[in-house]
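Colleague: Sequence:
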Amino acid sequence: MFSEGVDPSQQNLLSYPLALQTADADEAASLLAESAVPYRAELLGPSSTFSTEIFVAQSPRMHLSRVKTTGAMKVHAQLPDDSYAVVLALAGEVEHNVEGKLVPVRSGSGLVESPLQPVEVRTPARFELFFLDSAAKIWFRNWRRCSSGEPTHPWCFLHASN
2 MFSEGVDPSQ QNLLSYPLAL QTADADEAAS LLAESAVPYR AELLGPSSTF STEIFVAQSP
62 RMHLSRVKTT GAMKVHAQLP DDSYAVVLAL AGEVEHNVEG KLVPVRSGSG LVESPLQPVE
122 VRTPARFELF FLDSAAKIWF RNWRRCSSGE PTHPWCFLHA SN
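Quick note on our numbering: the sequence shown kicks off at 2 and runs consecutively.
Treat the hints as calculated values from the structure; they're not laboratory data. Among the hints, erroneous ones may be present.
BS3-like, lysine-lysine: derived pairs with alpha carbons at most 30 Å apart [as the list claims (entries may be wrong)]: (1) K138 to K102; (2) K75 to K102; (3) K69 to K102.
Label pairs and their in silico Cβ distance ranges [what the hints assert, rightly or not]: (4) D83 to S48: 36 to 44 Å; (5) S148 to P47: 46 to 54 Å; (6) S148 to K75: 36 to 44 Å; (7) Q22 to C147: 22 to 30 Å.
Cβ atoms here follow ideal geometry from the backbone N, Cα and C, with glycine treated the same way.
Build out the structure end to end from the sequences listed, making use of the hints.
Modeller: Below, the structure written as structure tokens:
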């Protein structure tokens, strides 16, 4: 999946320069729709204020994004039909509701979002996430390398309760 690697100038994502620093939630959503997961969000509570820093690295077949955000939010996300995303928490616990199951994503854990799978997310006032977004064909190509055939059905990752 990662055989082509990330551009050498972008290998250390944790120290890569900012792609965006903003207090505009719509501007952040626009950038992350391209580099991570398309979503729409609403701030929770009248006293909640939004700000974010987004770091982005990419190769021809995948995008890596690190997002540091303040502002408790309710987020509705859904990937297009041609990609999967791995979401890892670096700080804070972010609650994902996937097909009626609560999946807490906290430091040391993560989840895989499947194509066209609606996900509702509740964030804490401060959090930091890492996203790896790649085309479904990359996942399937690597499946073929590791198995004796083609997948027989579309993949949808189901999450066990913790």
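Colleague: Determine for every hint whether it applies to the structure shown.
Modeller: How the hints compare with the structure:
| no. | hint | result |
| --- | --- | --- |
| 1 | K138 to K102 | holds (27 Å) |
| 2 | K75 to K102 | holds (16 Å) |
| 3 | K69 to K102 | holds (25 Å) |
| 4 | D83 to S48: 36 to 44 Å | holds (39 Å) |
| 5 | S148 to P47: 46 to 54 Å | holds (52 Å) |
| 6 | S148 to K75: 36 to 44 Å | holds (39 Å) |
| 7 | Q22 to C147: 22 to 30 Å | violated (40 Å) |
This entry does not satisfy hint 7, going by the numbered hints stated previously; all others are met.
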